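K.L.:
Sequence:
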Amino acid sequence: METDLRCNSLRCRKQLSLEGRAVTTTCSHIFCVECANVLFNDSQTCPACEATLTEPDDIVLCALNPTNDYKTSVLAGLSPNIILEVCTRSISFWQYQMSQESTFQQMLLKNTQERLAVLEKQVHNIVREANGEINILQNKLASVELELELERRKVRDLAEAQREREREYTKLKASHDKLKRRALLALGSGDPPTPRPGHGPAGAHNVGPKAFGQPRGSMGGSTSSQEGIHHQAHQAFQPTQQRQGISAPAAATNIYAQQQQAQQQQQARKQQQQQQQQQGRPAGAFAGTPSRGGGRNAATVATPRGPFRPASLSGGL
Numbered sequence: 000m001e002t003d004l005r006c007n008s009l010r011c012r013k014q015l016s017l018e019g020r021a022v023t024t025t026c027s028h029i030f031c032v033e034c035a036n037v038l039f040n041d042s043q044t045c046p047a048c049e050a051t052l053t054e055p056d057d058i059v060l061c062a063l064n065p066t067n068d069y070k071t072s073v074l075a076g077l078s079p080n081i082i083l084e085v086c087t088r089s090i091s092f093w094q095y096q097m098s099q100e101s102t103f104q105q106m107l108l109k110n111t112q113e114r115l116a117v118l119e120k121q122v123h124n125i126v127r128e129a130n131g132e133i134n135i136l137q138n139k140l141a142s143v144e145l146e147l148e149l150e151r152r153k154v155r156d157l158a159e160a161q162r163e164r165e166r167e168y169t170k171l172k173a174s175h176d177k178l179k180r181r182a183l184l185a186l187g188s189g190d191p192p193t194p195r196p197g198h199g200p201a202g203a204h205n206v207g208p209k210a211f212g213q214p215r216g217s218m219g220g221s222t223s224s225q226e227g228i229h230h231q232a233h234q235a236f237q238p239t240q241q242r243q244g245i246s247a248p249a250a251a252t253n254i255y256a257q258q259q260q261a262q263q264q265q266q267a268r269k270q271q272q273q274q275q276q277q278q279g280r281p282a283g284a285f286a287g288t289p290s291r292g293g294g295r296n297a298a299t300v301a302t303p304r305g306p307f308r309p310a311s312l313s314g315g316l
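All residue numbers for the sequence shown refer to numbering that gives the first Met the number 0, where the first residue is 0 and numbers rise by one.
Please note: incorrect hints may appear among the correct ones.
Claimed, not checked - Ranges of calculated distance between the beta carbons of each label pair, as one might list FRET restraints:
1. R114 <-> A62: 48 to 58 Å
2. C11 <-> K139: 16 to 26 Å
3. E144 <-> R12: 17 to 27 Å
Stated by the list, open to error - Dumping the calculated DSBU-like pairs for lysine-lysine here, alpha-carbon to alpha-carbon at most 30 Å:
4. K120 <-> K109
5. K13 <-> K109
6. K153 <-> K172
7. K170 <-> K153
8. K139 <-> K120
9. K153 <-> K139
10. K153 <-> K109
No lab work stands behind these hints, which were simulated from the structure alone. From a predicted model like this one, the values you see are computed outputs, not experimental measurements. From the three backbone atoms N, C-alpha and C, an ideal C-beta is built for every residue, glycine too.
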């Protein structure tokens, strides 16, 4: 109840109506019996207001829940003035205790409100910092998600490029296997692979003057023409060189020597034709059987000459 008195010791604050007894002082303070035994054992000073209590009736033990007999006999024989004075002082004591309790409660409320304000401020600061950290983390999360999406796109692009390379590799491997099977079949049958026109060793005319786009008798031309002939001949005989196990430099040297021999034979043939023209023979005729109507000066049957085929080149290396 609100009208219940409490022990004025701040460490105790016990509700006295439950105790049934209390110790009162003339300075209008009240204490429980346990606290009074401790506080007033050594000194006669009020712990609440530090008033000196030296008189015998300054500290009195009273019953808070008196019996009817006590109520009847406690003020019996006293004059009404004394009774009114005692009642007035008792009521003043009670009012003082209520005011002190109200002040104490207000002080507690004020302290609680101040502590609450401090706590609210701290909570507000904590919430603000937490919101700031949350915003920072959300921004980081958004950036990380963006980076993750970019990395996923890169991974998809790399995967697509890898699949494309795998497809290309599969195609190249299939082509390589096909060419390898053809080469193995060609080696097993003993026949050289069929070259393209003008690039293979199938006929000796491929290495002649017409095959390289030069007129007959021009094999001893410029150095650039000889280099072109050497390069084309090297390309034409490259499959044969590979089958026979001849290295590229040795084969090129052999081809160049054969080309020099062919040029020397062509020059010798040209000199022979010039000598025949000086002796009165046609440039492209042989000394054959005379016709029916004449002797040696009659027209002879001209045997046309085919493309020059060196014996060393017609059979390959």
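K.L.:
For every hint, state whether the structure bears it out.
P.N.:
Quick rundown of the hints versus the structure:
1. R114 <-> A62: 48 to 58 Å: violated (39 Å)
2. C11 <-> K139: 16 to 26 Å: violated (56 Å)
3. E144 <-> R12: 17 to 27 Å: violated (59 Å)
4. K120 <-> K109: holds (16 Å)
5. K13 <-> K109: Holds. K13 to K109 sits at ~22 Å (cutoff 30 Å).
6. K153 <-> K172: holds (28 Å)
7. K170 <-> K153: Given that 30 Å is the threshold and the Cα spacing comes to 25 Å, the pair holds.
8. K139 <-> K120: holds (28 Å)
9. K153 <-> K139: Holds. K153 to K139 sits at ~21 Å (cutoff 30 Å).
10. K153 <-> K109: violated (64 Å)
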